Each structure stands twice: as C-alpha cells, then as structure tokens.
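Colleague: Same order as they appear, the protein sequences are chains H and A.
Per this note's numbering, numbering of the first sequence is gapless, rising by one per residue and ending at 404.
Per this note's numbering, numbering of the second sequence is gapless, rising by one per residue and ending at 209.
Hints should not be assumed to be uniformly reliable.
Claimed, not checked - Cβ-Cβ distance ranges computed for the label pairs, FRET-style: (1) H/Leu-235 / A/Asp-186: 24 to 32 angstroms; (2) A/Ala-96 / H/Ala-291: 27 to 35 angstroms; (3) H/Gly-309 / A/Ser-121: 45 to 53 angstroms; (4) A/Ala-126 / H/Ala-265: 33 to 41 angstroms; (5) A/Ala-96 / H/Leu-235: 26 to 34 angstroms.
Stated by the list, open to error - Straight-line distance between alpha carbons at most 30 angstroms, and here's what the computed DSS-like set of lysine-lysine pairs gives: (6) A/Lys-97 / A/Lys-170; (7) A/Lys-175 / A/Lys-97; (8) A/Lys-175 / A/Lys-50; (9) A/Lys-175 / H/Lys-238; (10) H/Lys-310 / A/Lys-175; (11) A/Lys-170 / H/Lys-238; (12) A/Lys-97 / A/Lys-50; (13) H/Lys-238 / A/Lys-59; (14) A/Lys-97 / H/Lys-310; (15) A/Lys-59 / H/Lys-310; (16) A/Lys-50 / H/Lys-310; (17) A/Lys-50 / A/Lys-170; (18) H/Lys-310 / H/Lys-238.
For the record, the hints were derived by calculation from the structure and aren't laboratory data.
Given the structure is predicted, the values throughout are model-derived calculations rather than measurements.
Ideal Cβ placement from N, Cα and C applies to all residues, glycine included.
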Amino acid sequence: MSPTQPRLYAVAYIAFAVVLLSTLIASPLWLGAAPLQMQFDARLAPPSASHWLGTDALGREVWARTLAGLRLSFWVGISAALLGTAIALTLAAIATLSSKLDALISLLIDTLLSVPHLILLLLIAFALGGGTQAVIIAVALTHWPSLARVLRAELLTLRHAPYVCISRSLGKSRGFILLYHLLPHVLPHCLVGALLLFPHAILHEAALTFLGVGLDPNQPAIGVLLADAMRYITAGYWWLGVFPGLGLLLLVLCIDRLAFTLRRAL
Amino acid sequence: MLEAHHLEFGFRPEQLVLNDISLALSEGEWLGLSGDSGAGKSTLGKLLAGQLSPKDGRICIDGGPLPARGLSPVQWLPQSPELAVNPRWRVAKILREAWQPPAALLHAFGIQPAWLSRFPHALSGGELQRVCVVRALAPGVRYLIADEISTMLDPITQVALWQALKTYAEKHRLGVLVISHDTALLERLCPRRYHLTQGVLAASG
Numbered sequence: 139m140s141p142t143q144p145r146l147y148a149v150a151y152i153a154f155a156v157v158l159l160s161t162l163i164a165s166p167l168w169l170g171a172a173p174l175q176m177q178f179d180a181r182l183a184p185p186s187a188s189h190w191l192g193t194d195a196l197g198r199e200v201w202a203r204t205l206a207g208l209r210l211s212f213w214v215g216i217s218a219a220l221l222g223t224a225i226a227l228t229l230a231a232i233a234t235l236s237s238k239l240d241a242l243i244s245l246l247i248d249t250l251l252s253v254p255h256l257i258l259l260l261l262i263a264f265a266l267g268g269g270t271q272a273v274i275i276a277v278a279l280t281h282w283p284s285l286a287r288v289l290r291a292e293l294l295t296l297r298h299a300p301y302v303c304i305s306r307s308l309g310k311s312r313g314f315i316l317l318y319h320l321l322p323h324v325l326p327h328c329l330v331g332a333l334l335l336f337p338h339a340i341l342h343e344a345a346l347t348f349l350g351v352g353l354d355p356n357q358p359a360i361g362v363l364l365a366d367a368m369r370y371i372t373a374g375y376w377w378l379g380v381f382p383g384l385g386l387l388l389l390v391l392c393i394d395r396l397a398f399t400l401r402r403a404l
Numbered sequence: 005m006l007e008a009h010h011l012e013f014g015f016r017p018e019q020l021v022l023n024d025i026s027l028a029l030s031e032g033e034w035l036g037l038s039g040d041s042g043a044g045k046s047t048l049g050k051l052l053a054g055q056l057s058p059k060d061g062r063i064c065i066d067g068g069p070l071p072a073r074g075l076s077p078v079q080w081l082p083q084s085p086e087l088a089v090n091p092r093w094r095v096a097k098i099l100r101e102a103w104q105p106p107a108a109l110l111h112a113f114g115i116q117p118a119w120l121s122r123f124p125h126a127l128s129g130g131e132l133q134r135v136c137v138v139r140a141l142a143p144g145v146r147y148l149i150a151d152e153i154s155t156m157l158d159p160i161t162q163v164a165l166w167q168a169l170k171t172y173a174e175k176h177r178l179g180v181l182v183i184s185h186d187t188a189l190l191e192r193l194c195p196r197r198y199h200l201t202q203g204v205l206a207a208s209g
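Whole structure, please, built from the sequences with the hints as guidance.
Modeller: Here is the structure:
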C-alpha cells in the first residue's frame with residue numbers, strides 16, 4: 139500500500155461521513171412530524187412504494203423513525219464521545235504533573251478497566267434516573283479509561299523528550315509546557331480517540347434504551363425502535379427491527395472506519 | 005564556578021555509570037571531555053545541566069545548588085538537534101522560547117532570516133544545531149554543556165560554529181564543557197581536558 143492510500147481512504151470516508159451526518163442533522167427540516175405521525179389505515183404495512191421501509195403498529199413510517207432515531211443517536215454519541223475525551227485528556231494531563239497523581243490516576247484507570255463496563259454503564263444510567271443526559275454521562279464515565287491510558291503514556295514519554303527538558307531548563311512553567319509542548323502533540327490522538335468512542339457510545343445508547351434505562355420511550359430512538367420491534371418480530375413483521383438495526387450498523391461502521399483510517403493517516 | 009562533587013550515577017542500582025566524579029568549570033573556561041562510546045560523557049553532561057539527578061554527590065554553582073525554577077544558568081546542547089526542538093514550532097518561535105537574539109548574533113552563527121519561518125524538518129542538522137546553540141545563549145546562561153554538537157557537521161561548518169561560539173563565549177565569559185570524541189578538536193579548543201573511562205574521570209591535558 140502506498141503512503142498516500144490511507145489518506146485517500148480517509149478523505150473518502152470523511153466525504154461519506156459528511157454526507158450521512160449532514161442528512162441526519164438536517165433531517166428535521168424535511169422530516170417534519172413524520173416520525174410521530176400515525177396512520178391507522180396503514181398499521182404494520184410492509185415495505186412498499188407508498189411506505190418505503192414499512193410502518194409500525196401505529197402506522198408510523200419506519201424510515202422516518204429510523205432517521206430520527208439515528209439523528210438522536212448521533213447527538214448522544216457525539217456528546218458522550220466529546221465528554222469522554224475531555225475527561226481522558228484532563229486526567230492524562232494531570233497525571234503528568236507529579237508521580238503521586240500519576241499513580242492515583244493509573245489506579246483509577248486500572249480499576250475502571252477491570253470492571254465490565256456494561257455493568258457500570260447500567261448502574262450509572264440507572265442511578266442517574268435514565269434519560270438522554272444520564273446515557274451521555276454514563277457512556278462518558280465508563281469509556282474514558284482506555285483513551286486516558288493511551289494519552290497518559292504518550293504524555294509521559296513526551297515529558298522526557300529532550301526539547302521538553304530543554305524548555306524546562308529555559309525556565310518555562312509546567313503549565314506552559316503542558317499547553318504548548320505536550321497537548322498539541324496528543325490532539326490527533328484525541329480526535330481519533332473521540333471518533334473511536336463515538337460508535338461505542340451509539341451502541342451503548344441503543345443498548346441502554348433497549349434495556350429500559352436509556353432514552354424516553356416516547357422518543358424515536360434506535361433502542362426504542364428495536365425494543366418495540368421485539369414484540370412483533372416473531373409475528374413476521376421483520377422490517378420493524380431490520381431497518382433501524384441496519385441504519386445503526388451503517389452509522390457505526392461509517393464512524394468506525396473513519397476513525398480507523400484517520401488513525402493510520404495521522 | 006560550576007562544580008561537581010563526588011558524583012555517582014547509574015541507571016540500574018547495582019551498576020554505576022559514573023563513579024566518584026569531581027570537576028570544576030570556571031566562568032570563561034573551556035573544558036574538554038573525551039571518552040569511549042558509552043563511557044558516560046553525555047550522562048555527566050546531563051547531570052551537570054540538571055537534566056538528571058545524581059545518585060550521590062552534588063552539583064553546585066557558586067557554592068549553591070542549581071536553581072529549581074526559572075532559567076537554568078547551565079544549558080545542555082544535545083548531539084541531535086532535531087530532538088532538541090519542538091517539531092511543530094517554526095524556528096522563530098523555537099528561538100523566542102528562550103529569548104529574542106539580535107540579528108547580529110544570528111548573522112554571526114550563519115542563521116539566515118529565511119530559516120526563521122521554516123519548521124525544523126526543513127532545515128539540515130547543521131542548520132538546526134546552530135539554532136539550538138543560539139537559543140541556549142539567552143541572557144542569564146553562564147555555562148554551556150556542548151555534547152558532541154559538531155559531530156554531524158562538515159569541517160567548514162564545524163569551524164564556523166566553534167569560532168562564533170568562542171567569540172561569544174569570550175565576550176560574555178561563558179564556561180563551556182566540550183564533550184567530544186575528537187581529541188584534535190578538544191586540544192584546539194580546550195586548554196584543560198578530561199578523559200572518562202569506565203565511569204572514572206582522569207585529567208588528559
């Protein structure tokens with residue numbers, strides 16, 4: 139593979155992600171009330187020319203609800219990913235200040251990594267009473283350790299780099315060194331880390347909502363759609379679960395591939 | 005005066021790299037340090053500049069310890085200049101981190117104004133080394149630890165660099181510890197020289 143290929147892939151994925159995400163973000167403009175609009179004469183209609191991806195038990199269009207659900211997942215995902223990355227970066231930066239703080243933060247990282255994060259996720263989301271904010275906080279609080287571990291290792295290595303040692307001997311403060319020498323170096327790692335966290339956050343949001351401690355059941359979230367579909371799947375209404383599931387898979391794959399190619403390109 | 009008293013240092017507890025090292029470097033003096041590869045020359049240089057802490061012994065400047073904060077009066081110039089600069093900074097910013105060197109000084113060291121807007125990777129090793137040397141000449145610096153700074157330069161650039169540094173050091177009474185494998189260079193630059201063998205220092209001239 140030539141050195142330019144990862145960059146070409148990255149550009150292609152960025153273009154695809156931009157199209158997909160712009161469609162999702164702009165969807166309320168042209169979806170209007172479609173995700174919530176009931177048509178009692180077209181309940182549980184299979185996919186057809188008039189109902190592209192079929193309708194649910196209340197006659198609501200599955201395509202409209204899937205798009206609305208993916209949009210919601212996108213915002214939850216991006217918020218949780220940014221919050222998780224901010225926590226990881228802050229704690230990794232604090233770890234560089236002294237060996238005691240480093241030991242404390244390393245212990246916290248190891249402890250959190252040793253606990254199955256789905257259990258922790260459920261407990262935090264449940265303790266916070268469910269809802270969008272609870273999901274965002276729960277995902278962020280359970281997903282920062284692996285990124286923090288990478289950032290901490292990178293920052294600690296960099297702290298002993300000759301140019302950082304020289305900066306220190308030139309009288310620069312710890313804050314200056316952190317802000318101008320160390321953090322700019324790990325920002326690409328943060329970007330990739332946030333992008334890798336993003337699909338996790340979306341999947342966990344859907345899982346939590348499916349399990350009943352996530353988003354409000356009245357919202358057209360992917361987890362809500364999948365939970366609703368479970369009641370009808372054995373009756374042969376396959377489109378209720380398949381299309382939201384495929385939509386989620388496409389979004390997650392798109393972001394995951396984007397992060398993967400960016401990591402190789404940067 | 006920069007002094008080292010009975011320094012001991014090892015990267016592993018049971019193995020000393022430097023054993024009972026004592027030396028003194030006066031202001032305005034040029035002191036040479038030679039030794040085999042792996043003898044501990046760079047380690048001694050880093051200890052003197054405060055980049056490493058000795059296992060035993062102490063380093064004094066005018067009888068007191070090296071300052072823990074602020075500009076260190078002892079500056080270390082490493083062999084590889086590309087590791088001594090932030091690769092994301094332009095040359096002007098690299099220099100400004102220490103001070104704003106006058107144009108005459110930049111000229112004396114052959115630093116061209118066009119280099120200032122370049123990133124380190126756009127300069128050769130010799131060009132970057134000159135930038136590192138000028139950065140280390142900030143007001144308040146009294147001693148330089150020049151750790152094989154001319155090893156990777158061609159002979160003409162070596163002469164130009166040492167001449168410029170010698171002129172500046174004499175004018176500002178800088179003490180310079182020249183670490184090198186090149187005994188001819190040390191004999192030319194330094195009236196007093198040491199040789200480091202297996203962690204032990206011996207006067208060689």
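Colleague: Please go over all the hints and tell whether each is borne out by the structure.
Modeller: How the hints compare with the structure:
Taking 24 to 32 angstroms as the suggested C-beta distance range, the pair H/Leu-235 and A/Asp-186 does not conform, at roughly 41 angstroms. Checked against the given bound of 27 to 35 angstroms, the beta carbons of A/Ala-96 and H/Ala-291, roughly 32 angstroms apart, stay inside it. A C-beta distance of roughly 25 angstroms is found between H/Gly-309 and A/Ser-121, which places it outside the suggested range of 45 to 53 angstroms. Taking the beta carbon of each, A/Ala-126 and H/Ala-265 are about 55 angstroms apart, not inside 33 to 41 angstroms as hinted.
Between A/Ala-96 and H/Leu-235 the CB atoms are about 29 angstroms apart, so this pair conforms to the stated range of 26 to 34 angstroms. Taking the CA atoms of A/Lys-97 and A/Lys-170, the gap is about 25 angstroms. The hint holds against a cut of 30 angstroms. For the suggested pair A/Lys-175 and A/Lys-97, the alpha carbons sit about 26 angstroms apart, so the restraint of at most 30 angstroms is met. Between the alpha carbons of A/Lys-175 and A/Lys-50 the distance comes to roughly 25 angstroms, so the proposed pair stays at or under 30 angstroms and holds.
For a cut-off of 30 angstroms, the pair hint linking A/Lys-175 to H/Lys-238 is broken: about 45 angstroms separates their Cα positions. For the hint pairing H/Lys-310 with A/Lys-175, the CA-to-CA distance comes to about 27 angstroms; that is within 30 angstroms, so the pair holds. In summary, the hint linking A/Lys-170 to H/Lys-238 is not supported, as the alpha carbons are separated by about 44 angstroms, beyond the 30 angstroms threshold. For the hint linking A/Lys-97 to A/Lys-50, the alpha-carbon distance of about 24 angstroms falls within 30 angstroms, and the restraint holds.
For the proposed pair H/Lys-238 and A/Lys-59, the alpha carbon gap of about 21 angstroms is at most 30 angstroms, so the pair holds. Restraint check: the Cα-Cα separation between A/Lys-97 and H/Lys-310 comes to about 14 angstroms, which is no more than 30 angstroms; the hinted pair holds. Under the criterion of a C-alpha separation no larger than 30 angstroms, the hint pairing A/Lys-59 with H/Lys-310 is consistent with the structure, at around 26 angstroms. In summary, the hint linking A/Lys-50 to H/Lys-310 is supported, as the alpha carbons are separated by about 18 angstroms, within the 30 angstroms threshold.
Note on A/Lys-50 and A/Lys-170: the hinted pairing holds, with a Cα-Cα distance of about 22 angstroms set against a maximum of 30 angstroms. The hinted pair formed by H/Lys-310 and H/Lys-238 meets the criterion: a straight-line CA distance of about 22 angstroms does not exceed 30 angstroms.
When each numbered hint is compared with the structure, violations occur for hints 1, 3, 4, 9 and 11.
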